[in-house]
Structures are given as C-alpha cells and as structure tokens.
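Enquirer: Sequence:
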Amino acid sequence: MFEPIKFATKGGGDATGEMVAPEGEGRAPAVVLIQEWWGLNGQIRDIAQKLAKEGFVVAMPDLYHGRWTVDAEEAAKLMNALDWPRALDEIAGAAAFLASHPRSNGNVGIIGFCLGGALSFAAATKIPELKAVVPYYGLPPAGSVDYTNVKAPILAHFASQDEWARADLAQKLQAEMNGRGQSMELHVYEAGHAFSHEARRDVYVPEAAKLAWSRTVAFLHKHLG
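Residue numbering for the sequence shown follows this note's numbering, starting at 4 and increasing by one per position.
Derived from the structure by calculation, the hints contain no laboratory data. Note that the coordinates shown come from a computational prediction; the quantities given were computed from them, not determined experimentally. Warning: the hint list may mix true and false statements.
[Unchecked claim] Simulated crosslink set (PhoX-like; lysine-lysine; CA at most 25 Å straight-line):
#1 Lys-213 <-> Lys-225
#2 Lys-129 <-> Lys-225
#3 Lys-154 <-> Lys-129
#4 Lys-80 <-> Lys-154
#5 Lys-56 <-> Lys-213
#6 Lys-13 <-> Lys-154
#7 Lys-53 <-> Lys-175
#8 Lys-175 <-> Lys-129
#9 Lys-9 <-> Lys-53
#10 Lys-9 <-> Lys-56
#11 Lys-129 <-> Lys-13
#12 Lys-56 <-> Lys-225
#13 Lys-9 <-> Lys-129
#14 Lys-175 <-> Lys-154
#15 Lys-213 <-> Lys-53
Required output: the full structure, derived from the provided sequences and hints.
Expert: Printed below as a string of structure tokens:
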C-alpha cells in the first residue's frame, strides 16, 4: 500500500512523495524510483509495486510537485521547466530518508526511466552514499555532470532505435567510466525509447522489458543486499 511521505531535502528544504514497502516487518534494501517526463503517475506506481514485490522499500519523490500529464507536449514543458539542482536536492533527500527508515537495511540504490534515467546518472555524481544505479534510456545533457565523481556501480538499459537517449553516447560513457576503473554495465536492446512502458503499446517491447527487468532486480539485490 502506498503512503504519502514528507522528508527534508539535502539543503534542508521540504519535499514530498510516496512510499511502498514489501509485506512483513523486516528490514529490506531500499530504492529511490524516479519518474518519467509524465510525472509521478500510474506507470511509475506500478513499477514501485513490482519492486516492493521483489523485496525492496521504494520511495518516489514528487519532482513535479503534484503535477503530471498524459499529453506529450505538456510533459515536454514540465521536463524542460524542471529545476535540476532542486530535483537532485530532493532525490538526495529521498535517499537519506530511505537510508534511515526503520524498514530499510540502510543500503540505497536508484532507478529511473526516461527523464528519471538521466536524473539517475546525475544523482550518481552527487550522492556518494548510493550503492547501485539503474538508468533506463536517459542521459543528462552533455557536459552537465562530472562522471568522475561516480562511486556506485551502474547498470544502464538503452535502446538501439532511440534518438533521445542515444545508445552510442551511452557506449562512449561506458568506455570512459570503465577506463577509469568505475563500474558501468550497459545493455542495448533492439527497441525504441520507452520500451519498458507497458501502457504504451506503440513502443512497448515485452521481450526486452522482461530481460531488462530481470537484470535490474538481480543487480539491485546483488549490491543492496
């Protein structure tokens, strides 16, 4: 069952979101789940429920602060208007909230899709406490983050036919990071952008989505406990 949460941002401000936990009362690994450009909607809640069933405590910061949409033009406006420093501050706050939550084992990872994938990469450069990072088809704007700061292992999922989050740029980043001794595992699927979005039958690729998900769950359990 989802519950609303309030937590402090890294800078000491106030932030809100939602949380879901596995059944039972024991401690579990924790994951910050970052929305797509649509906002905190049903699709992201479905993913949160799937993560909870796999044994993870999940927090979803509401980066659009109550707004969401099903219209692509409006989603683009919301994404382009996003205050990235503030969003990363809120994501860091959500990670700290989970690390100290009584249901958490203290190990926190992050997973994000589309816009959330880009923010997951960016968060990895700003939150050294993260233990695992799983971006789906998203990259921050070129030159906007310093990847040399990344400490956590990364598992990235990209699509071969995606002009928004290009696989060749992800492959270049992987070579750079691995060359520095950082850990970035990359999988490129024969699909287009948002191939894991089950509600969008125009782009959903079941085989790729299932394989990416199984890899994601195994990776998170490996690094978060």
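Enquirer: When the hints from earlier in the document are held up against this structure, which numbers fail?
Expert: Structure breaks hints 4 and 7.
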